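Start from the sequences, fold in the hints, and give me the full structure.
What follows is each chain in one-letter form.
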Amino acid sequence: MMTRTARRTRRTVRVVATGAAALLALSACSSSATSDPSASAASSDEISGPVTVFAAASLKESFTTLGKRFEEEHPGAKVTFSFGGSDSLAASITGGAPADVFASASPRTMAIVTDAGDASGTPATFVRNQLEIATLPGNPDRISSLADLTRSGLKVVLCDEEVPCGAAARKALEASGLKLTPVSYEQDVNAALTKVELKEADAAVVYKTDVKAAGDKVEGVDFPESSEAINDYPIVALKEAPNAGAAKAFIELVRSAEGQKVLTGDGFLQP
Amino acid sequence: MTSPSSPSSPPSPPSPPDKSTATPDALGGGPRRRPRPVRRGGGRGAPLPLLLPALIGLAFLIVPLIALLVRTPWRSLPEQLTSAEVWQALQLSLICATAATGVSLVIGVPLAWLLARVEFPGRGLVRALVTLPLVLPPVVGGVALLMALGRGGIVGQWLDDWFGITLPFTTAGVIVAEAFVAMPFLVISVEGTLRAADPRYEEAATTLGASRFTAFRRVTLPLIAPGIAAGAVLAWARALGEFGATITFAGNFPGRTQTMPLAVYLALQSDPEAAIALSLVLLAVSIAVLAGLRDRWMTAG
Amino acid sequence: MSESHNAAAAPGSPGSEEGLDARLLVERGTFRLDVALRVAPGEVVALLGPNGAGKTTALRALAGLTPLSGGHMRLDGAELDRTPTESRPVGVVFQDYLLFPHLTALDNVAFGPRCHGATKAEARVRAAEWLDRMGLAEHAGAKPRRLSGGQAQRVALARALATGPRLLLLDEPLAALDARTRLEVRAQLRRHLADFEAVAVLVTHDPLDAMVLADRLVVVEDGRIVQEGGPSHIARHPRTDYIAQLVGLNLYQGRADGHTVRLDAGPHITTTEALTGPVFVAFPPSAVTLHRDRPTGSSARNLWHGRVTGLETHGDQIRADLTGELPLAADLTTVAAAELDLHPGSEVWATVKATQTHAYPV
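Residue numbers (this note's numbering), protein chains in the order written: chain A, 1 to 271; chain B, 1001 to 1301; chain C, 2001 to 2362.
Hint data in this document are derived by calculation from the structure and do not stem from the laboratory.
For clarity, every value in this text was computed on a predicted model and none was experimentally measured.
There could be a bad hint or two in this list.
Under 10 Å between C-beta atoms, here's a sample of chain B residues computed to sit facing chain A [to be verified]:
no., residue
1, Gly1152
2, Thr1170
3, Thr1248
4, Ala1250
5, Arg1256
6, Thr1257
7, Leu1262
8, Ser1270
9, Pro1272
Don't be surprised by glycine CBs; every beta carbon is placed ideally from N, CA and C.
Written out as structure tokens, the structure reads:
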């Protein structure tokens, strides 16, 4: 049912957008599932129309920049992003939301999509993200290690273990044999960071990229155990992608040297 | 009912029904006298242009709940529900919703009285402000509460400095967040009842020697009790389901600030079946409580 | 202007401290109430007037429910202008009684004593006594909605009296009752008011209520007192059209010169009294005789031509309204009306004997 709707939408879009290239559209259509190299080669010159990217919230800054580049490189293409928790995005995709690309913050959430058979091809890790401690500006509590967070009287927030940053934090804590009782398990990394930004919490364990994006509202503290819990970010084109050609091109941009430069500039690690 | 009407009905039918059925008969022609009264009886007060949307509306509200029941993992349900975390969250939810309703009653009923009975400049504006939490996204409400009552908030920093009280990440914080979101329901309901209630009863009480407060306590309050009850139930239900303001202001820690809606949301991330089971519990509890209150309070009025 | 015609109940002489002495000034928008009242203890005064005259405003001002814009209010020598309602020794019977619907008749009556510091038990004993006196002992446990109109009225009276007020205010005490109950309750209320030893002021637009219940009438129109005095005096000497209509008299104003009164507009009337200067002339509708043709042998000195504008049954009488030289109302029997073949538009002659008229100075 969803499949048919998606296909119909895609066809309509195609006909409206590129009228004369109906044949090409059909070939792209049939080839999207197998990602035929010849088809993608053919379409790389003809990238246009809307392309929808579902991406983890932590990718917002970088992907917004990359989306603009993409539109510059391919006039006629229009990138639409949906940023959110990887889990909810995965749930939307398996639920039939029409999207072309999925970039997740963890292999586990990516597995939800691949297990459901909604991915086209194998996901590729395009960046990695490392945890960092976010403290109040100027680090008034002189936090220098993960162990410092267990100090009594210190209000620490973690992400809930159900979301990737929480799972990663737990991994790091377990690896270092520390027992940390936070004041709250926040529903996502932004909520955790906000608590520090508003000075309600003294520290949070979040991603390096988030600390960087927060500017001078928080201060980042590296800790060695973070290497035990580095998050891989996989990206994949989706099987029911309404604009498969553009999806492929966008993934290529993300993985290119140019794309990596933007991502590492925002604090991501190269895979 | 039977004995006088049945013998008299054979000779007399033309006279009483004539008036009432004259128009339909005239429109439809004579012979179909029988089925008409039947149809009139059956469709009375429910014309199709109203009935159809009404039924769609009903389905719209009911079907998602039925879907929840259909998709409930009944087999694993006992296991899901017997976990200590579920009971902890449920217990916390009930305590906090009830406490938030209590707080709302203590400060919301006087506020409603003020809005309904005292003329003061800017009353319209104050009323609008009171209803603002109704339209404010709860998450924004939570952030606003942090800015006001948080550790660094404009009021919260004094609470912290003077009394060592910090509300975020505490059960009290959950109650505050829930009361913030739920109280407008109570205030609006009570204010409406107060406006409808005759203020002259209060005057009558003062002529009997009652101070304005005594008049309120002994006359107005009992008079508007049904409205207060209805408002309290609304507020309680809203507080029980409150998510956004709670998780934003009070955070999420099992046993302390993790209420059922938070548990449901987080379970949904990894284990939708558990989330459905939790939702079902919340649904059952609220239906039970609302139904119980309805019998005891609502119909009494 | 207010000559007292009730020597027995002469309202508090200037030095007297007892009773009510008030001048009520209330201004609200374009409406202005200015009423001076002096009522002696034991006296019942009725404020009588059309709707919107300001009677209820006056009553509310006395109770402290409407603030005074000016004037003063003294009760038994004590200044009450600024005393809040709950501290005034007043009892009020409201038009629709306003019995507290959530309390029983007993608790309604006990409410006042409770607020005045009595214990619950004391208050209930006193309330039970009052209900008993009103003949309502068996209804003590009933909620107001289970009481009949007459019973509710008596509970309201008991509630107002149970605090021992020095000023009893009754706002249209009988208006909420149907005609039959009204008759019965009016008689009871008269008895209870006669027993009441302090000041009673009642407001009504019904002249019969006022005349039966009150020792003295104060007629209020447009926020001012237009006339006051004993019921019989007012009934015989109306000074405004409103009162004349209320008491069913034809009333005219004019200048007297001996037995002849030349009306301000229209013809002259011959009267029994010989007066000079501005006067009122009144005669009852029953004093008018109607004729189809101009009477020739009639001894009546007052003869006017007119046309019937309306006919209305009035008990076993017919009331005919006439326009013409002298607009007037005439009462005649149904038989007479039939013989005259009266209908709206009929041309008739009206006569009134001079002995039936009553002239008095303005």
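Does the structure break any of the earlier hints, and which numbers would those be? Hint check: nothing fails, all pass.
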